[in-house]
Amino acid sequence: MDTEQVAYDYDDFIQKTGDYDFEDDEPLATDLIDHEGFDEEQLLQQQQIFQRQLQLQQQQAAAQLPDAVRNFILYFHHCMKENNVYDLHGCYENSFNRLTEKFYKNTPWPDPHGVVAPLVNNDQPFVTLYTELYYRHLYAKLQPNLEDRFASYDNYCIWFNYIFDSSSPPELELPTNWAWDIIDEFIYQFNSFALYRSRIVRKSHNEEEIQQLREHPQTWSTYTVLNVLYSFIQKSRMNEQLEAIKEGRDPDEVAGEDGSRPLYKTFGYFSILGLLRVHTLLGDFTLALKTMEGIDLSKKSKYARVAGAQFTTYYYVGFCYMMMRRYADAIKAFSHILLYISRTKGFHNRSAQYDSVTKRSEQMYALLAICVALCPTRLDDSIHTTLREKNGEQLARMQRGGEESLPVFEELFSFACPKFMSHGPPDYDNPANNVDPLQHHLKVFMMDVKRTMLTPTLRSYLKLYSTMNIEKLATFLEMDPEELRSALVVFKQKSRQVRWTEGSLLDGEVVNVSDLDISLEGDLINISEAKIGRKFGDWFLRNTTKYYAVQDTILNKNPEKQEEKEHKDKRRERREKNAEKKGSK
Amino acid sequence: MPSLSGSTPLSRPPEIETILTTLSRYNPETTTVLQEYVVTQCASGSYDLMANLALLKLYQFNPELMRDETVLNILAKSLTVFPEPDFTLALHLLPASLLHQYSSAASTPNSTIPLPPAADTDDQLSNSVHRLTYLNSLLELAAFPSFWRILSSDVDEEYADLVADVTGFEDAIRRGITKSITLSMRSLRVETALSWWNFTNKEAVEQWVEEEMPGWVIEGDSIVSKDEGDAITAATSTVQPATGKIKFEQFSRVIRRVYENELLHH
Chain A
4 MDTEQVAYDY DDFIQKTGDY DFEDDEPLAT DLIDHEGFDE EQLLQQQQIF QRQLQLQQQQ
64 AAAQLPDAVR NFILYFHHCM KENNVYDLHG CYENSFNRLT EKFYKNTPWP DPHGVVAPLV
124 NNDQPFVTLY TELYYRHLYA KLQPNLEDRF ASYDNYCIWF NYIFDSSSPP ELELPTNWAW
184 DIIDEFIYQF NSFALYRSRI VRKSHNEEEI QQLREHPQTW STYTVLNVLY SFIQKSRMNE
244 QLEAIKEGRD PDEVAGEDGS RPLYKTFGYF SILGLLRVHT LLGDFTLALK TMEGIDLSKK
304 SKYARVAGAQ FTTYYYVGFC YMMMRRYADA IKAFSHILLY ISRTKGFHNR SAQYDSVTKR
364 SEQMYALLAI CVALCPTRLD DSIHTTLREK NGEQLARMQR GGEESLPVFE ELFSFACPKF
424 MSHGPPDYDN PANNVDPLQH HLKVFMMDVK RTMLTPTLRS YLKLYSTMNI EKLATFLEMD
484 PEELRSALVV FKQKSRQVRW TEGSLLDGEV VNVSDLDISL EGDLINISEA KIGRKFGDWF
544 LRNTTKYYAV QDTILNKNPE KQEEKEHKDK RRERREKNAE KKGSK
Chain B
287 MPSLSGSTPL SRPPEIETIL TTLSRYNPET TTVLQEYVVT QCASGSYDLM ANLALLKLYQ
347 FNPELMRDET VLNILAKSLT VFPEPDFTLA LHLLPASLLH QYSSAASTPN STIPLPPAAD
407 TDDQLSNSVH RLTYLNSLLE LAAFPSFWRI LSSDVDEEYA DLVADVTGFE DAIRRGITKS
467 ITLSMRSLRV ETALSWWNFT NKEAVEQWVE EEMPGWVIEG DSIVSKDEGD AITAATSTVQ
527 PATGKIKFEQ FSRVIRRVYE NELLHH
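Chains as they are written, first to last, in this note's numbering: chain A, 4 to 588; chain B, 287 to 552.
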């Protein structure tokens, strides 16, 4: 394979130049300086010598690279040049993580400009990509400082400029999950920067950093981020493509020249998901869902295979629904993805993103608990069991209603919500004026929650009767009857929600989501309850199979696969025996 | 049907539609167009959620362009479509400092209705936002008599000022209240209806019922629905059939297992 050839060359070169003695150079350099005046030619020579010295220093630094890492970088570069997507995927997914575990668990990868660039002959696109990985690793394992953040931002600018270069659009094709990770990381660093900035202003009084922030308002500004995302969408004409797919037409017809390139298509699609996230972070939930209107979540597109993208999408979609009081839809979104996660648990254990997936799923369970408390719904059994395990006590407290439930709502919301940020730079001069966006959104959310505090108590009473007089119920609840009337209206109101049936995410029709329905006639309350009879058919089937599995364990059978093999063998034997018998008869 | 957040209202002019569907929604210069649109909505009684939220977003991005009057009008307008969550959605897009000092006043004992917000802050806009938020709370809690009382309060005329720009505000609120009534009731005593709609005499109630509530009539001292459609009585308690259908495929695993069991034991 080519890499070995290249590696050999480098090794060879280093061996040869390793003997090069720097000391030999110095007298020459000092000679020049000692002279009174110096002419152009000598100056040029001096510069060349200096360049060579620098290069050799870099070679030495590169020589200190572990061989495995050096080979990896070269191979990586090679794959990129050859546009070998499959191997590139392997490099990215497996080798990079393995080497990180082995060599760079707590230290940064080799410096992109000092070490890696010379190795690949300063191939700018590769260096930029490598730098992206370098900073992603830095953010994940170490604490980036302000300088790192600025540098990472600059790198992203270079990368996006490279992609958007219309005169010579790159032929490069990245694996889909890498493309997703780039967009994801870009927005994550944007978010992280905003939080870092507000933390500096609030706590530390590092004047130097604040001064730098003041001087660079454009770095990591919302406009830049939005610009990037929208540009991708426009360049790839993603919305038109999605619409064409929905109508059953060929998307390439409307894609235009750029839109048909796989690179733009991938980035275009993921930018839509990116916008969903950015809008939610800024508190604009309706726009977030509206941006998604071209995407049909129920369809399995090739992008749906990028697990990270699926989790993020469903998390944000569910969250937006929750903030729009469409709890039924939120519950559906969370249940769907949590079911998916629990079913594919095996795959994620070895992925580098395992931690983030776990954290996300815990957040979604918390949000699910909130939604179920606000809108009691039957959940899928496995989800319900896990929910009770993780958030059982909190769920019970929220469902009891009343004053004691409020802190639980606040706690879960603060844990599970996205890291809200405010749009622009904070007030540097009056730090006290900067209010934490999380507190703001939490407050508005809690205003809604407080209005449903009475519901659980009402429900418990209403379930017991089929008709009831308002005066009587008011006495039970120790409330003024007129206020109770209002409370009943609210109860009825809350049981009606907009639920999605088809079309874009914002569409939906008003349905009754509660099993308890009431109607007031003067002072009389009529109550009707919709009981869902237990579906015992399904229950019996599931338990029968479980019973057989238990039976197996008791009888100490082999694991399934061997069992199957045994069966197959036995069947084959039997067939042969039968054939013999038939033959002989 | 209530206005769904994403749908396009018929009253939306084409240039607004263009703004909302393209990147001009981020152009600071469009604030003037959208502001005028808010004025139009207030005057004509139409309502456009997406346009109003887009304007609030522009204010978020360009705080120096924010106009107090417009913000308050947007909030007042979104009160008229209660119980839609539009008011809450608008609050999320406002600068965090506006609500920072709002405290949902503790209710008096034995009452679920909160008290008006406590002492005023220094910022006039904050105070106004607090007041509108309080009005929203009252509407959400269906505390309609309190709502009208606060709105027409002599002590604090600020409340009335805040909604003065919105023509037909009171009738719009009444329609919202009517929706709540038709949703949850089949009959209501006239004296309760008076306080809920803020009418002073029975004739006004009769007129309102006739104009706004088809299928409802006055019978004696109550207004009554004649529509038998959504009557809820004990008889309508449903119990979904317990069995339901079970597809044959669901038996496949059990059958397979039984078959394999047979093979193993023979």
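A few of these clues could be false.
[Stated by the list, open to error] Derived DEER-like restraints, expressed as beta-carbon distance ranges:
(1) B/H551 with A/F418: 33 to 39 Å
(2) A/L342 with B/K512: 54 to 60 Å
(3) B/R539 with A/T380: 25 to 31 Å
(4) B/D409 with A/N125: 53 to 59 Å
(5) A/N515 with B/E301: 25 to 31 Å
(6) A/L342 with B/I504: 38 to 44 Å
(7) A/L342 with B/S389: 21 to 27 Å
(8) A/D439 with B/A329: 33 to 39 Å
For the record, the hints were derived by calculation from the structure and aren't laboratory data.
Fair warning: this is a prediction, and the values are worked out from it, not measured in the lab.
Glycine included, every Cβ here is placed at the ideal spot set by N, Cα and C.
For the hint 38 to 44 Å, verify it against the beta carbon of A/L342 and that of B/I504.
Between A/L342 and B/I504, where Cβ atoms are some 53 Å apart, the hint is violated.
Take a look at whether the Cβ-Cβ distance between A/L342 and B/S389 falls inside 21 to 27 Å.
41 Å, violated
Given the hint of 25 to 31 Å, check if B/R539 and A/T380 actually sit that far apart at their C-beta atoms.
28 Å, holds
Using the C-beta atoms of B/D409 and A/N125, is the stated range 53 to 59 Å upheld?
Once the Cβ atoms are compared, 56 Å apart, the range 53 to 59 Å for A/N125 and B/D409 holds.
The hint says 25 to 31 Å between A/N515 and B/E301; measuring C-beta to C-beta, is that right?
39 Å, violated
Should the hint that B/H551 and A/F418 are 33 to 39 Å apart at their CB atoms be regarded as holding?
This hint is violated: roughly 53 Å between Cβ atoms.
Evaluate the given range 33 to 39 Å for the C-beta pair formed by A/D439 and B/A329.
Taking Cβ atoms as reference, A/D439 and B/A329 lie about 38 Å apart, which means the hint holds.
Is the gap between the beta carbons of A/L342 and B/K512 within 54 to 60 Å?
47 Å, violated
When each numbered hint is compared with the structure, violations occur for hints 1, 2, 5, 6, 7.
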